[in-house]
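S.K.: Residue numbers (numbering that gives the first Met the number 0), protein chains in the order written: chain A, 0 to 356; chain B, 0 to 356; chain C, 0 to 356.
No lab work stands behind these hints, which were simulated from the structure alone.
Don't take every hint at face value.
Put simply, identical chains are the same to the list, so a pair is met inside one copy or across any two.
Here are the simulated BS3-like cross-link-like pairs (lysine-lysine), alpha carbons at most 30 Å apart as the crow flies [claimed, not checked]:
1) Lys304 to Lys152
2) Lys245 to Lys115
3) Lys239 to Lys341
4) Lys122 to Lys189
5) Lys356 to Lys152
6) Lys152 to Lys239
7) Lys189 to Lys152
8) Lys296 to Lys335
9) Lys335 to Lys145
10) Lys356 to Lys239
11) Lys341 to Lys245
12) Lys239 to Lys296
13) Lys336 to Lys189
14) Lys152 to Lys296
15) Lys304 to Lys245
16) Lys54 to Lys239
17) Lys245 to Lys182
18) Lys304 to Lys189
19) Lys296 to Lys341
Note that the structure is predicted; figures quoted are calculated from it, not measured.
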Amino acid sequence: MSSIESRYGRLLSDFEVGATYEHPWEVTVDGGTLALFQASFLDATPIYSSAVLAKSCGLSDRPLHPLLCLNLGLSFSVHDVSEQAIAHLAYIDVRFPEAGYVGDTVRARSTVLGVKPASSGDKGVVHVRTILENERGAVLCAFERKALIRAGKLAERPQWALSTAAAEGAKTPDVQSFPSVPKALRDGGKGGFGPYANDFEPGQVFTHAIGKTIGESEHMQLTALVRNSHPLHFDHDYCKVHSFTKQRVVYGGLVLTWVATLASRDLAGRALWEVGLDAGAHPNGVIGGDTLYAASKVLAVDGEKVTFRLVGVKNRTSAGAYAEHGDALFEDELSKKEGRIKEKVVEITRTLLLRRK
Amino acid sequence: MSSIESRYGRLLSDFEVGATYEHPWEVTVDGGTLALFQASFLDATPIYSSAVLAKSCGLSDRPLHPLLCLNLGLSFSVHDVSEQAIAHLAYIDVRFPEAGYVGDTVRARSTVLGVKPASSGDKGVVHVRTILENERGAVLCAFERKALIRAGKLAERPQWALSTAAAEGAKTPDVQSFPSVPKALRDGGKGGFGPYANDFEPGQVFTHAIGKTIGESEHMQLTALVRNSHPLHFDHDYCKVHSFTKQRVVYGGLVLTWVATLASRDLAGRALWEVGLDAGAHPNGVIGGDTLYAASKVLAVDGEKVTFRLVGVKNRTSAGAYAEHGDALFEDELSKKEGRIKEKVVEITRTLLLRRK
Amino acid sequence: MSSIESRYGRLLSDFEVGATYEHPWEVTVDGGTLALFQASFLDATPIYSSAVLAKSCGLSDRPLHPLLCLNLGLSFSVHDVSEQAIAHLAYIDVRFPEAGYVGDTVRARSTVLGVKPASSGDKGVVHVRTILENERGAVLCAFERKALIRAGKLAERPQWALSTAAAEGAKTPDVQSFPSVPKALRDGGKGGFGPYANDFEPGQVFTHAIGKTIGESEHMQLTALVRNSHPLHFDHDYCKVHSFTKQRVVYGGLVLTWVATLASRDLAGRALWEVGLDAGAHPNGVIGGDTLYAASKVLAVDGEKVTFRLVGVKNRTSAGAYAEHGDALFEDELSKKEGRIKEKVVEITRTLLLRRK
Numbered sequence: 000m001s002s003i004e005s006r007y008g009r010l011l012s013d014f015e016v017g018a019t020y021e022h023p024w025e026v027t028v029d030g031g032t033l034a035l036f037q038a039s040f041l042d043a044t045p046i047y048s049s050a051v052l053a054k055s056c057g058l059s060d061r062p063l064h065p066l067l068c069l070n071l072g073l074s075f076s077v078h079d080v081s082e083q084a085i086a087h088l089a090y091i092d093v094r095f096p097e098a099g100y101v102g103d104t105v106r107a108r109s110t111v112l113g114v115k116p117a118s119s120g121d122k123g124v125v126h127v128r129t130i131l132e133n134e135r136g137a138v139l140c141a142f143e144r145k146a147l148i149r150a151g152k153l154a155e156r157p158q159w160a161l162s163t164a165a166a167e168g169a170k171t172p173d174v175q176s177f178p179s180v181p182k183a184l185r186d187g188g189k190g191g192f193g194p195y196a197n198d199f200e201p202g203q204v205f206t207h208a209i210g211k212t213i214g215e216s217e218h219m220q221l222t223a224l225v226r227n228s229h230p231l232h233f234d235h236d237y238c239k240v241h242s243f244t245k246q247r248v249v250y251g252g253l254v255l256t257w258v259a260t261l262a263s264r265d266l267a268g269r270a271l272w273e274v275g276l277d278a279g280a281h282p283n284g285v286i287g288g289d290t291l292y293a294a295s296k297v298l299a300v301d302g303e304k305v306t307f308r309l310v311g312v313k314n315r316t317s318a319g320a321y322a323e324h325g326d327a328l329f330e331d332e333l334s335k336k337e338g339r340i341k342e343k344v345v346e347i348t349r350t351l352l353l354r355r356k
Numbered sequence: 000m001s002s003i004e005s006r007y008g009r010l011l012s013d014f015e016v017g018a019t020y021e022h023p024w025e026v027t028v029d030g031g032t033l034a035l036f037q038a039s040f041l042d043a044t045p046i047y048s049s050a051v052l053a054k055s056c057g058l059s060d061r062p063l064h065p066l067l068c069l070n071l072g073l074s075f076s077v078h079d080v081s082e083q084a085i086a087h088l089a090y091i092d093v094r095f096p097e098a099g100y101v102g103d104t105v106r107a108r109s110t111v112l113g114v115k116p117a118s119s120g121d122k123g124v125v126h127v128r129t130i131l132e133n134e135r136g137a138v139l140c141a142f143e144r145k146a147l148i149r150a151g152k153l154a155e156r157p158q159w160a161l162s163t164a165a166a167e168g169a170k171t172p173d174v175q176s177f178p179s180v181p182k183a184l185r186d187g188g189k190g191g192f193g194p195y196a197n198d199f200e201p202g203q204v205f206t207h208a209i210g211k212t213i214g215e216s217e218h219m220q221l222t223a224l225v226r227n228s229h230p231l232h233f234d235h236d237y238c239k240v241h242s243f244t245k246q247r248v249v250y251g252g253l254v255l256t257w258v259a260t261l262a263s264r265d266l267a268g269r270a271l272w273e274v275g276l277d278a279g280a281h282p283n284g285v286i287g288g289d290t291l292y293a294a295s296k297v298l299a300v301d302g303e304k305v306t307f308r309l310v311g312v313k314n315r316t317s318a319g320a321y322a323e324h325g326d327a328l329f330e331d332e333l334s335k336k337e338g339r340i341k342e343k344v345v346e347i348t349r350t351l352l353l354r355r356k
Numbered sequence: 000m001s002s003i004e005s006r007y008g009r010l011l012s013d014f015e016v017g018a019t020y021e022h023p024w025e026v027t028v029d030g031g032t033l034a035l036f037q038a039s040f041l042d043a044t045p046i047y048s049s050a051v052l053a054k055s056c057g058l059s060d061r062p063l064h065p066l067l068c069l070n071l072g073l074s075f076s077v078h079d080v081s082e083q084a085i086a087h088l089a090y091i092d093v094r095f096p097e098a099g100y101v102g103d104t105v106r107a108r109s110t111v112l113g114v115k116p117a118s119s120g121d122k123g124v125v126h127v128r129t130i131l132e133n134e135r136g137a138v139l140c141a142f143e144r145k146a147l148i149r150a151g152k153l154a155e156r157p158q159w160a161l162s163t164a165a166a167e168g169a170k171t172p173d174v175q176s177f178p179s180v181p182k183a184l185r186d187g188g189k190g191g192f193g194p195y196a197n198d199f200e201p202g203q204v205f206t207h208a209i210g211k212t213i214g215e216s217e218h219m220q221l222t223a224l225v226r227n228s229h230p231l232h233f234d235h236d237y238c239k240v241h242s243f244t245k246q247r248v249v250y251g252g253l254v255l256t257w258v259a260t261l262a263s264r265d266l267a268g269r270a271l272w273e274v275g276l277d278a279g280a281h282p283n284g285v286i287g288g289d290t291l292y293a294a295s296k297v298l299a300v301d302g303e304k305v306t307f308r309l310v311g312v313k314n315r316t317s318a319g320a321y322a323e324h325g326d327a328l329f330e331d332e333l334s335k336k337e338g339r340i341k342e343k344v345v346e347i348t349r350t351l352l353l354r355r356k
């Protein structure tokens, strides 16, 4: 009565610095993928929703929303990288060098940049770079991330789950040399609404007024849509044993996306591109039924590029959180010795390319 | 520690009679939009679901469901018209002059027809006409509606949220002169099921047997899909303060659509078009978990056009409601002095174009 | 105050052996249909999700997932066959002879193979064969099923709900002579992940580790998407009266699909086709909030064809169920005199076409 029970992901000793894992998912993105994304994230950036506007800006169609690409890349990597992870620790240097479109077939691969055992010996930090590309080799998203992984080797990992290391030519490319926005992108001269790049001033704080309550079905659907295979997000019986909250936890990539889109009507009605994200973390978790709110602080304005610190809080308005915590709301949670903000669910630095007046 | 907290919509003194507001949303409709619509509304009208049947009837593809167009137009206007509204009061003269298709990029604009302060001085009624059109200027939906709005001016409305009044040429057109069905539409001679136009007789009452329980995630997804930005529908913390029920309220355009589609298998299996809706209201609200039922009364049969009074009730069958209330079920709720039907959630007059035997 | 309350489906005396019912639904499948399917079923079979891989295997695009086709065929038939059914008893000889694609407009029809009254006189078993075909007459799915139906004739069934019996030429074809996989399908030589056909050995048992909690909204959306009109799945007030559990019951075709896809990462990463299903049943029901787990036992390996017995259990892991019940977990539940496994929700024999090493 023995049975085979395969598990995926890796424990700390399963990672090899320098190795590249080809993730198994291969998915043709269609209009339904976009519609489901739009049906949960009320994003107000017109270039991502209007083929007419996108074409007037030099693109060949509505591009896939960059945060959809981030979610696809992150989720595809779970099977090989983080399905056994205790926690996602950091988003680093997220870029969207080229535009993806409906009809693209996307794949992802990850290279291990570092493995650092903790002094406690029972866990460690894995640092990977992941890229998502389409069938023509266009890189739609590249990012680094760190995850906290238990020590050891995964006994139940079947031989066939070990993705072949990519061939030499298929290594993750050096994204440092990539353009920060799609080459064809230009200001189409009209369309959009709300503030221009030169309406922003460093130091401005926006407490975005409207929140979003997370439905159980909608977060599970989005998790499956992007092929995130971590059972923490959709397997209640697993969670009763393995989750701190004893409940399903909303996948962090979605939390980030909800918070970014809650800010979009105030900030991104004239955005042309999400240039990049950096220094991001999820200080606290989110469960179905929680209501998310967003706040943004302008860090820098550099021509068409405006850099914000974006923060998400749960179950209270961002105006309330800002009134209580002041500018500490925008400070890195994980480097704080005291005064941690327990309602903060995401913090990240983001740069938008915006039209100028 | 001051922050910017933008709010959208308008208070009574923000409206100017004759002004036209271009709503910011610009959305390319795709197959996913249709699939999500079909995944909540089990509509039985074949011309809206079958490209083969639609082409045999002179259209170039499956048309966008007229009630999807109504929901897009209504929702796009929330940002400028009703995001601060207390209540939606009336649907008036809803028309669907031209067919929209997958791939259309749609926008909407509204003209203020009237502003009428209430004698109490603290609120008033705003009357607007809204049209939804595609990038070729085809009008997919035109309607008037009335909303109850608080007095005053909206302090937090940012300068950039004031949509530019449309240029002269872009005023909402006089839809009175528009055709009531798409010009190309004709009876394709086959397809469909159920009753023909000449099977109906004035005075017939249909208590549609099957109900639909509303899921929290599904109504929130549909609300975001059509870009309805009123937090009453998806922001639980807002609702704890601002909603009479202290809960999220299902967006009325969806309630209307559920009730219409619950009637569709009995009435619309041979329908070719939704000619128009009129004299509609939502006497009571709906929350997630409620079960909706529909009843229809035939008001008139005029060749291929059959006019019904459509009523939706919640948490009891329409047969039960009709047995208790009789024909009063089909009488205007808001004009009743007494005997209001507290389970009635929508009432509207609708005309269908149906095939004849 | 009389009203018309139409009901659909049939009671036992409404069925005529040999009759063929053309089901009214006619639906153009789009990318959104696929996306919604993928958003609930985290299926790992790459040929169903990647146009690139599917084309390398001789198909003209991503094929519609065979289990989506089964769900469409089953659901379309509910209107005429099982909307009054007490229970779905058996899946028999399910085949997927040709591949369907996005853009196909699908219809279904059913032929009554047998009607067998029970000795109790109050009910009986109806046996039908159903096929789903596209507008070019390609048969995407063919299956037989048995349902338990109450005795009598359905009084409220309107004349217009009686689908015209199909013309002679439109009888359900003899699927015995059909190919078991699409003719054009061939091993594309690369792609996919996990075990090959010749990695399996008869007798192997897989207890798939990860489960899936069913959301209320998501199962209702999928039910409407495939046009399943049985109110047991989405009408809470109906269920309070007519459901044993007093709750909405998840449509069985979805339960089967969740369980099959929970097995997919371990078994079907190199699958090219779902050759067929047989001897299937749902011994117990599933409600929203239940968590499903899957187990598979290899019954036979015949070249590229591997036959499994697939079992689904609820609210406990399949490893736990196998540890308790041993091989009895894979034995037919309905033929057991004692020791029935109350957590088993589906059992079926399935054959996959898999790549060989």
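S.K.: Each hint should be assessed against the structure and marked as holding or not.
M.R.: Hints, verified against the model:
1. Lys304 to Lys152: neither (44 Å within a copy, 33 Å between copies)
2. Lys245 to Lys115: Within. Shortest intra-copy distance 29 Å satisfies the 30 Å Cα cut-off; inter-copy 49 Å does not.
3. Lys239 to Lys341: both (22 Å within a copy, 21 Å between copies)
4. Lys122 to Lys189: Classified as neither: same-chain Cα gap 52 Å, cross-chain 36 Å, threshold 30 Å.
5. Lys356 to Lys152: Between copies only: 27 Å across chains, 56 Å inside a chain, cut-off 30 Å.
6. Lys152 to Lys239: within (24 Å within a copy, 48 Å between copies)
7. Lys189 to Lys152: between (56 Å within a copy, 29 Å between copies)
8. Lys296 to Lys335: Classified as within; 19 Å inside a copy, 52 Å across copies.
9. Lys335 to Lys145: Only inside one copy: Lys335 and Lys145 sit 19 Å apart there, 52 Å across copies, limit 30 Å.
10. Lys356 to Lys239: Classified as neither: same-chain Cα gap 53 Å, cross-chain 39 Å, threshold 30 Å.
11. Lys341 to Lys245: both (18 Å within a copy, 25 Å between copies)
12. Lys239 to Lys296: The answer is between: 27 Å across copies meets 30 Å, while 38 Å in one copy does not.
13. Lys336 to Lys189: Cα proximity of Lys336 and Lys189: none, with 47 Å in one copy and 52 Å across.
14. Lys152 to Lys296: between (43 Å within a copy, 27 Å between copies)
15. Lys304 to Lys245: neither (42 Å within a copy, 41 Å between copies)
16. Lys54 to Lys239: neither (48 Å within a copy, 42 Å between copies)
17. Lys245 to Lys182: neither (46 Å within a copy, 49 Å between copies)
18. Lys304 to Lys189: Result: close within a single copy only, 18 Å intra versus 43 Å inter.
19. Lys296 to Lys341: within (19 Å within a copy, 47 Å between copies)
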